[in-house]
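S.K.: Here is how the chains run, residue by residue.
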Amino acid sequence: MNQPAPTKLFREEAKTGAIECPACGAPITLRGFGGVEQVACAYCGTICKPEEDGNLNILQQAQRQRRPSILPLHKRGQLPDVLGTDAVVHTWEILGIMWREVVSDGVTYPWQEFLLFNPYQGYRWLIYQMSDGVWGLGGPLLGAPELQPGGTPTASWRGETYKHFTSGNARVTYVEGEFPWQVLVNDVAQANDYVCPPNMLSIEVQHGETGADVNFTIMQPIEPAQVWAAFDMPGAAPAKHGVHPAEVNPHKTKFYAVAGILLFVVWIVALVAYASARKNGVVYAGSVVPGEVLTEEIEIGTADQTTTLELGLQAHGMNNSWAYAEVMLVDLSSEEAISVGLETDAWSGVEQGESWSEGTNPRRVTVGGVKGGKYLMQVQTQLDSSGDPADSLTIEIKQDVPLGRYMFLPFVIIALFPLLNLGRKLAFETKRWANSDHATSSWES
Amino acid sequence: MLMKASYVLLSVASLGLLTFEAPRGALLTSSPARGKVERDTKETGSGNATIRRPHYIFLGGYHGGK
Numbered sequence: 001m002n003q004p005a006p007t008k009l010f011r012e013e014a015k016t017g018a019i020e021c022p023a024c025g026a027p028i029t030l031r032g033f034g035g036v037e038q039v040a041c042a043y044c045g046t047i048c049k050p051e052e053d054g055n056l057n058i059l060q061q062a063q064r065q066r067r068p069s070i071l072p073l074h075k076r077g078q079l080p081d082v083l084g085t086d087a088v089v090h091t092w093e094i095l096g097i098m099w100r101e102v103v104s105d106g107v108t109y110p111w112q113e114f115l116l117f118n119p120y121q122g123y124r125w126l127i128y129q130m131s132d133g134v135w136g137l138g139g140p141l142l143g144a145p146e147l148q149p150g151g152t153p154t155a156s157w158r159g160e161t162y163k164h165f166t167s168g169n170a171r172v173t174y175v176e177g178e179f180p181w182q183v184l185v186n187d188v189a190q191a192n193d194y195v196c197p198p199n200m201l202s203i204e205v206q207h208g209e210t211g212a213d214v215n216f217t218i219m220q221p222i223e224p225a226q227v228w229a230a231f232d233m234p235g236a237a238p239a240k241h242g243v244h245p246a247e248v249n250p251h252k253t254k255f256y257a258v259a260g261i262l263l264f265v266v267w268i269v270a271l272v273a274y275a276s277a278r279k280n281g282v283v284y285a286g287s288v289v290p291g292e293v294l295t296e297e298i299e300i301g302t303a304d305q306t307t308t309l310e311l312g313l314q315a316h317g318m319n320n321s322w323a324y325a326e327v328m329l330v331d332l333s334s335e336e337a338i339s340v341g342l343e344t345d346a347w348s349g350v351e352q353g354e355s356w357s358e359g360t361n362p363r364r365v366t367v368g369g370v371k372g373g374k375y376l377m378q379v380q381t382q383l384d385s386s387g388d389p390a391d392s393l394t395i396e397i398k399q400d401v402p403l404g405r406y407m408f409l410p411f412v413i414i415a416l417f418p419l420l421n422l423g424r425k426l427a428f429e430t431k432r433w434a435n436s437d438h439a440t441s442s443w444e445s
Numbered sequence: 446m447l448m449k450a451s452y453v454l455l456s457v458a459s460l461g462l463l464t465f466e467a468p469r470g471a472l473l474t475s476s477p478a479r480g481k482v483e484r485d486t487k488e489t490g491s492g493n494a495t496i497r498r499p500h501y502i503f504l505g506g507y508h509g510g511k
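Protein chains in written order, with our numbering: chain X, 1 to 445; chain D, 446 to 511.
Hint data in this document are derived by calculation from the structure and do not stem from the laboratory.
It is possible that part of the hints are untrue.
As the list claims (entries may be wrong) - Output of the computed footprint for chain X on chain D, the stretches with three or more beta carbons under 8 Å from beta carbons of chain X:
{"no.": "1", "segment": "446-454"}
{"no.": "2", "segment": "469-483"}
Claimed, not checked - Here are the computed distance ranges between Cβ atoms for each label pair:
{"no.": "3", "chain 1": "X", "residue 1": "Pro72", "chain 2": "D", "residue 2": "Met446", "range": "35 to 41 Å"}
{"no.": "4", "chain 1": "X", "residue 1": "Pro362", "chain 2": "D", "residue 2": "Phe465", "range": "27 to 33 Å"}
{"no.": "5", "chain 1": "X", "residue 1": "Leu416", "chain 2": "D", "residue 2": "Ala471", "range": "20 to 26 Å"}
{"no.": "6", "chain 1": "D", "residue 1": "Val453", "chain 2": "X", "residue 2": "Ala87", "range": "27 to 33 Å"}
{"no.": "7", "chain 1": "X", "residue 1": "Asn57", "chain 2": "D", "residue 2": "Met446", "range": "56 to 62 Å"}
{"no.": "8", "chain 1": "X", "residue 1": "Ser104", "chain 2": "D", "residue 2": "Phe465", "range": "58 to 64 Å"}
Said to hold, decoys possible - Using 27 Å as the maximum straight-line C-alpha spacing, the simulated BS3-like pairs for lysine-lysine come out as follows:
{"no.": "9", "chain 1": "X", "residue 1": "Lys279", "chain 2": "X", "residue 2": "Lys398"}
{"no.": "10", "chain 1": "X", "residue 1": "Lys374", "chain 2": "D", "residue 2": "Lys481"}
{"no.": "11", "chain 1": "X", "residue 1": "Lys254", "chain 2": "D", "residue 2": "Lys449"}
{"no.": "12", "chain 1": "X", "residue 1": "Lys254", "chain 2": "X", "residue 2": "Lys431"}
For each residue, glycine too, the CB sits at the ideal point set by N, CA and C.
Generate coordinates for the entire structure from the input sequences, incorporating the hints supplied.
M.R.: Have a look at this one:
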């Protein structure tokens, strides 16, 4: 009596002999050991399933030409393990290539997925976004996140909250190489991505005849140059001009908050010390008869110290006219002088039924670096004879005046850089979330 | 990193200006014209102006050279 053969719990040990594609006859070598569920011929694209007897059974006849992917099939590279906690790199071989795409608002977003295999580490994914040159490296999630629906759905995984990024139907457009599961062109899976930089969770649900197949993947961004170097590819990697959904915001830092607060406190202390130490004293205040020369001896500050002066000229009873005073401070010991011109003006009138007025009266000018000591002040004036000339002019000179420009310059600098950084941070988040389903919520991040 | 270093550097520099330079006020204020003066020895004033003595005429900036 023939007894039925016992059911095999495991696939036969991998055979290294070449297998031919049943469609085109091209040689196919299975490299994924016993875990290969299907293999797509790299030459004609026919998708086959390895049977236990070593033959290949056609699952999907080729209907396409071979597409040149950005990385070639069976290329090996050195990359760190996205699931690992250390920076140890492993050798990975590209076992399978899959092109997929989602269509959102009539725009197609295609990407290439490279199935990486290491016999000791298992399978990982290297993903290349064809629309913006962004790369990601992912692996299977060791567990399942907890989903929390709401206005903006979130997912919780190991104490981290992931924000929903996008959902869409990802369709397979091209398959090449080996896969540990069956994947056919035009297979559609609902992909839901959640981000918590530097990680992204991808939850894919594919409905089949026997129910829904749910896959959880964790992904991290990887720089194009690192991929290029890892696989020893010639030339330079295609330029990246997008932001990976899980890319860490390079402008996210506590530095400006901490440094800004410290500097602000120092500024307040310095401001109080500076303002309270200013005498702001009047050196001279008096009137000048227009047309006459005023000469007066004044004493400014203390000898061998420099100070600031504020000179003011005010014209009284003046309209549609101007007045000018040249204030000269003569150091009698050296016969050197500083000269400051002050011009004041006042204009007014009625135009189209509306009255207007403009001009600067009084005029104040601040000068610095004036040495202390005795000076002979000489004021010469000029008046505009048109309009209503000034009846009298008043001159006022103050010394050691507090200067707002010195007081508020530090504040501007202390506040400017954190604001600039905030702007750059928000611009980055706006760019990140522009490709998401929640483009308007970018400011929340 | 460059931006952070610039931030600290410029902030400290501006605070230094406030603390040490602001009392002098030589950097962030308009500079008055400086130069030699000459005593005006003419007895008559210009026009109807009344001029008290001594009266100086501002000669302006550079008076060096040969």
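S.K.: Now tell me if each hint is right for this structure.
M.R.: Against the structure, the hints:
Look at the segment 446-454 of chain D against chain X: 5 of its residues bring a Cβ nearer than 8 Å to a Cβ of that chain, three or more, so the hint holds. Residues of the segment 469-483 of chain D lying with their CB closer than 8 Å to a CB of chain X number 15, which satisfies the three-residue condition for coverage. A hinted range of 35 to 41 Å holds for the C-beta pair Pro72 of chain X and Met446 of chain D, which are about 38 Å apart. In this structure the supplied range 27 to 33 Å holds for Pro362 of chain X paired with Phe465 of chain D, their Cβ-Cβ distance being about 31 Å.
Distance hint check: the CB atoms of Leu416 of chain X and Ala471 of chain D are about 24 Å apart, consistent with the given range 20 to 26 Å. Checked against the given bound of 27 to 33 Å, the beta carbons of Val453 of chain D and Ala87 of chain X, roughly 31 Å apart, stay inside it. Checking the proposed 56 to 62 Å range against Asn57 of chain X and Met446 of chain D shows it holds: the Cβ atoms sit about 58 Å from each other. Checked against the given bound of 58 to 64 Å, the beta carbons of Ser104 of chain X and Phe465 of chain D, roughly 60 Å apart, stay inside it.
Straight-line distance between C-alpha atoms of Lys279 of chain X and Lys398 of chain X comes to about 9 Å, which keeps the hinted pair within the 27 Å bound. Proximity of Lys374 of chain X to Lys481 of chain D is assessed by CA-CA distance (about 16 Å); at most 27 Å being required, the pair is judged to hold. Annotation: proposed proximity of Lys254 of chain X to Lys449 of chain D holds, straight-line Cα distance about 11 Å (limit 27 Å). Between Lys254 of chain X and Lys431 of chain X, the direct Cα distance comes to roughly 21 Å. Compliance with the 27 Å bound is thereby established for this hinted pair.
This entry satisfies every hint, going by the numbered hints stated previously.
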